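Residue numbers (full-length UniProt numbering), protein chains in the order written: chain A, 1 to 327; chain B, 1 to 327; chain C, 1 to 327; chain D, 1 to 327.
Don't read these hints as lab results, they were simulated from the structure.
Hints are supplied without guarantee of correctness; some may be wrong.
No copy is singled out in the list; a pair is fine if it fits within one copy or between any two copies.
[Unchecked claim] Below, computed lysine to any residue pairings styled on SDA-like, alpha-carbon distance capped at 20 Å: (1) K211 / D177; (2) K211 / M292; (3) K214 / A248; (4) K214 / R271; (5) K156 / S124; (6) K211 / R318; (7) K267 / M319; (8) K211 / F184; (9) K267 / S323; (10) K56 / P301; (11) K156 / H189; (12) K63 / M319; (13) K56 / D216; (14) K211 / K267; (15) K156 / R303; (16) K56 / E91; (17) K156 / A316.
Since the model is a prediction, treat every value here as computed from it, not as a measurement.
Number of protein chains: 4
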Amino acid sequence: MLGPQVWSSVRQGLSRGLSRNVRGWASGEGKKVDIAGIYPPVTTPFTATAEVDYGKLEENLHKLGTLPFRGFVVQGSNGEFPFLTSSERLEVVSRVRQAMPKNRLLLAGSGCESTQATVEMTVSMAQVGADAAMVVTPCYYRGRMSSAALIHHYTKVADLSPIPVVLYSVPANTGLDLPVDAVFTLSQHPNIVGMKDSGGDVTRIGLIVHKTRKQDFQVLAGSAGFLMASYALGAVGGVCALANVLGAQVCQLERLCLTGQWEDAQKLQHRLIEPNAAVTRRFGIPGLKKTMDWFGYYGGPCRAPLQELSPAEEEALRMDFTSNGWL
Amino acid sequence: MLGPQVWSSVRQGLSRGLSRNVRGWASGEGKKVDIAGIYPPVTTPFTATAEVDYGKLEENLHKLGTLPFRGFVVQGSNGEFPFLTSSERLEVVSRVRQAMPKNRLLLAGSGCESTQATVEMTVSMAQVGADAAMVVTPCYYRGRMSSAALIHHYTKVADLSPIPVVLYSVPANTGLDLPVDAVFTLSQHPNIVGMKDSGGDVTRIGLIVHKTRKQDFQVLAGSAGFLMASYALGAVGGVCALANVLGAQVCQLERLCLTGQWEDAQKLQHRLIEPNAAVTRRFGIPGLKKTMDWFGYYGGPCRAPLQELSPAEEEALRMDFTSNGWL
Amino acid sequence: MLGPQVWSSVRQGLSRGLSRNVRGWASGEGKKVDIAGIYPPVTTPFTATAEVDYGKLEENLHKLGTLPFRGFVVQGSNGEFPFLTSSERLEVVSRVRQAMPKNRLLLAGSGCESTQATVEMTVSMAQVGADAAMVVTPCYYRGRMSSAALIHHYTKVADLSPIPVVLYSVPANTGLDLPVDAVFTLSQHPNIVGMKDSGGDVTRIGLIVHKTRKQDFQVLAGSAGFLMASYALGAVGGVCALANVLGAQVCQLERLCLTGQWEDAQKLQHRLIEPNAAVTRRFGIPGLKKTMDWFGYYGGPCRAPLQELSPAEEEALRMDFTSNGWL
Amino acid sequence: MLGPQVWSSVRQGLSRGLSRNVRGWASGEGKKVDIAGIYPPVTTPFTATAEVDYGKLEENLHKLGTLPFRGFVVQGSNGEFPFLTSSERLEVVSRVRQAMPKNRLLLAGSGCESTQATVEMTVSMAQVGADAAMVVTPCYYRGRMSSAALIHHYTKVADLSPIPVVLYSVPANTGLDLPVDAVFTLSQHPNIVGMKDSGGDVTRIGLIVHKTRKQDFQVLAGSAGFLMASYALGAVGGVCALANVLGAQVCQLERLCLTGQWEDAQKLQHRLIEPNAAVTRRFGIPGLKKTMDWFGYYGGPCRAPLQELSPAEEEALRMDFTSNGWL
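Using the sequences and the accompanying hints, generate a full structural model.
Now the structure itself:
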């Protein structure tokens, strides 16, 4: 397997040829960040008494840092961000910034329900070291989250953010798809650099890539289950829960796609679908954390109300890995 | 129309005969609160710069206080609670406590995503004057919110709450129905006194009333659109957004149902369905606040990302009131 | 319990006062049929080799005929009509006409996917004795079944039908709700007399009754689970699968509602919710037929692909009846 | 562009290497048909008086026959099969058989709601010339269409069919996904050769290919919008409404995928997404037929209740083609 450095140059040569640097648009130089690549959405470790375990977080990062990831997503849905206080959210970003290799990107989930709170969280996350902000759609009032409302929300956040903004659509959690027409409008904002789409509809991903082809706008697949298909349609990477446990394999799938080895990519992709479903839709974060325990990371408990897996669930989870040759 | 005092005795005589007093279970006397009656879910007024306008809040309460409501719900979905900071949430409850008549109930929405945060918010709300806590289902991880998880969550909250707990299921916002079997289990908890169900499925409401008939457990309809049907099936009241603008009429519907005047109740209910849909499902809080402006209350703007109605929407909203004879 | 004759006069005095006679609009006299009352949607008995068992059909009708039903629905969803050939559909209607008491109404389900086929089936059913046609929404192309398309469909059918037409909306089977605005438009057609709504949203039922109050238009609840609530909102009867097994009880619920005995109605309604769910949503026609076997009717097998209940399902089905005191 | 003959050999060399011949399994030789390739789902032309226009059908076939399709699907959802009588269904198949080139495959949609009717239709279609039967999931009783029921249904049909069976899952029409576990079980039946999946979830398509890799089982994408992604995941072709109007382009996309020209494939795929959505999900068969008129085929009217496009819809339809350079 390639090391991170070599990997980085392969990636640069193969991705959409964007020459973005890792710096904010607000710096005045108008340069954007290139977000192409694979990211694990880092989980938040808790102690037995449900305190954030920053030591375990750092240990996980040290291990993950040896893999050729483009960077790390902190406080995506897998980070249990809705269970963290504002200060915990910032402290987690700060600790990850310090624990991770310097040459990687840190995408921090800064979404809140209100526009104002999202702006404030985004600014704060920039201050503690985030390279870009990944902003989930507000969703509690989904019946009123029209394209116009979402465009207004994201425009305001992007206007005021010192770091580039990545749109984040995750209908399994929010019950809401960021509409394609809203994505198209937002892609023209100079401080919005891309999107993470976790919905799994690759026709939609293809359409977004197509409609935004004249903008500097990149699309990341939100899950390893449709990573290869997303590459085929023009996505440039993925934020994959599965990369927390099968990181090398997800990065290998990236490499096979970028180098056009589609047959091998297909075989590998096939073997990742069930494990990926197991740590996402099927068993959620409790499943992901349990699997992390198996693969040498610290998973540990979730905060309530998320519950531990039952023995039967744990057995089914294991089967999804063993039947595909990963355990 | 009956005044509040007379009204209260009518209600006591007619509701399910529960002799609950307004005091917490945790007081050691084992007495529960009787929540039967009508509640407006109070909106949170904002200034033009999106600050909470506590003065307007108090003015609204003074006007609403002249109507024969059983009490007030603060920070239900119509209170824009996901847009408020923790301290704003508490301050709003505190101000409402002071502004409202003494002989009414204050139900405060204390739900958060994590169990721990919900417990803390519930305790704090009790300290600033809430009579009972209305706890919405956590929902971001809805795929893992099994009956077991929800039972665990609510049990923990009820165990630690100094005030009685009211379950709150609102699938239009949460994408999640609190399962009937979980409601049944939770109805046996000594500190859980009832439920607000906003889903609109009155068969379900009837089943919940039926299954919990041996517990001291009361069900409130979550919307005026199915208030009469809910009374027919055994609900004891309602938390109705529409009561913020047509409060007298909603209370009259209550009286007609409680006194068995079903024909008149039907006629009144019919005329409330469209206005109710307009200020809830169809136009949301922006619609409700706009209507409040028309009816002599302070509505004002919502916090972003909620947007003002378009002129066409405002026209349609008005039509839903005029065509039923309310404007 | 009242006998059918007495019952009929009670019903006439209590229902919405419509003086409709049982004759078609096309007779030129402009008189409509009054469809108020309770109907079992008759099941289609099959032999062990999946032939229609007309003898058992007649036996069931003879037993059902002793109950104070307003009439019978043939080839609603519970009649397995999608599994019958056109000639079987007509033969079943013909046999029911002969086996049922003369003074009852025969509503025959004549819906097909195409407008033309629906017209032809409606005409044929009139010829073999149907009093009115109950026409389900076409649904295979539900993405194109706009209000305009459905209005066109039903208008054509009603124009050409020699017997009155009853609209039929059953989203659990069709994935489609007949929109309220379409119902309102269609309620003005002289040959459309009412609607069976099986969706269970009584707010919607109330709105339909309200919007069509100036037309001769009657609404029937499509299931016993929300029958009482539907009466409360202005429906005039119900087509209830449960009436195939607890027919006397469903008729008693009708009587309690029509005579304003709401407390007793509520108690009875409560005990019918679970059995009703068991023979509809939960276990479908196989559950209904199994229960018919228990209650002295002929249930028998369904046509494939409908499968028999598993032993565990049968046990759960029985529990839904025993726990409510019906077995 | 390659001609049909050359094309066929390219396809044989590139598809999954299955050496299936075009003959039924029931012939006793145990050889299966290879269904790899592109198929237009042929529309059924109607005259102004809604009669089947067999002449126009043949004309369309003659034109379509010049393109390098693997064959033709008759009476998929785009064939308006639910609007045809049984004898029309058979006559259409018969006419297509005669009008189409001899060396192509004829897949005939033979699904009905009952198992017995499906068996009979399948046998009849074989008699009038179908090479394989494409059997849609029964759906009216979707609440009871468990894996067990669907396995029973398809097994019976495949047991009794003289021609190979292709499973057909189209949730937009049926409200039902054929479950992956049922597909896996059915893939082991000697007379079930593959599946058309129109759901658009390519993760699911990948999983099906993966789980059935040890069987002679082929998957066809059910729409051009996700054709490239489906090839990437292991599908061997597609049944694409869009191929009725942009047939050469869809076949070119096939060729680019089969020859590993993924970059060009991506560009072409991108330009097909909006036109494809326009003639399927967005405007349905009326949109497809209108477009056929534009592209030199006979589209004509649909049977009622399907309605013509409004002028505004027609304009939007045209825009979806012009904005992508196809008109």
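Structure-based check of all given hints:
1. For the identical chains of this complex, K211 and D177 are intra-copy neighbours only, at 17 Å inside a copy versus 30 Å across copies, given an alpha-carbon limit of 20 Å.
2. For the identical chains of this complex, K211 and M292 are neighbours neither inside a copy (38 Å) nor across copies (25 Å), given an alpha-carbon limit of 20 Å.
3. For a Cα distance limit of 20 Å, the shortest separation of K214 from A248 qualifies neither inside one copy, at 33 Å, nor across copies, at 27 Å.
4. Taking the shortest Cα distances, K214 and R271 sit within 20 Å of each other only across copies (14 Å), while inside one copy they are farther apart (35 Å).
5. In this assembly of identical chains, the alpha carbons of K156 and S124 lie at most 20 Å apart only when taken from the same copy (16 Å versus 33 Å across copies).
6. For the identical chains of this complex, K211 and R318 are inter-copy neighbours only, at 17 Å across copies versus 41 Å inside a copy, given an alpha-carbon limit of 20 Å.
7. Proximity of K267 and M319 under a CA criterion of 20 Å is satisfied intra-copy only: 19 Å inside one chain copy versus 39 Å between copies.
8. In the homo-oligomer, the alpha carbons of K211 and F184 lie at most 20 Å apart inside one protomer (7 Å), although the nearest pairing across protomers, at 37 Å, exceeds that limit.
9. Taking identical chains as interchangeable, the C-alpha atoms of K267 and S323 lie at most 20 Å apart only when both belong to the same chain, with a minimum of 14 Å there against 36 Å between chains.
10. In the homo-oligomer, the alpha carbons of K56 and P301 lie at most 20 Å apart inside one protomer (12 Å), although the nearest pairing across protomers, at 45 Å, exceeds that limit.
11. In the homo-oligomer, the alpha carbons of K156 and H189 lie at most 20 Å apart inside one protomer (11 Å), although the nearest pairing across protomers, at 45 Å, exceeds that limit.
12. For the identical chains of this complex, K63 and M319 are neighbours neither inside a copy (25 Å) nor across copies (51 Å), given an alpha-carbon limit of 20 Å.
13. Taking the closest pair of Cα atoms, K56 and D216 never come within 20 Å of each other, the shortest separation being 37 Å inside a single copy and 46 Å across copies.
14. In the homo-oligomer, the alpha carbons of K211 and K267 lie at most 20 Å apart only across protomers (12 Å), although the nearest pairing inside one protomer, at 30 Å, exceeds that limit.
15. In this homomeric assembly, K156 and R303 come within 20 Å of each other (Cα to Cα) only across copies, at 13 Å, whereas the closest approach inside a single copy is 32 Å.
16. Taking CA atoms no more than 20 Å apart as the test, K56 paired with E91 passes inside one copy only; the shortest distance there is 14 Å, against 37 Å between copies.
17. For the homomeric pair K156 and A316, neither the shortest alpha-carbon distance inside one copy (44 Å) nor that between copies (29 Å) is at most 20 Å.
Taken one by one, the earlier hints fail for this structure at numbers 2, 3, 12, 13 and 17, listed in ascending order.
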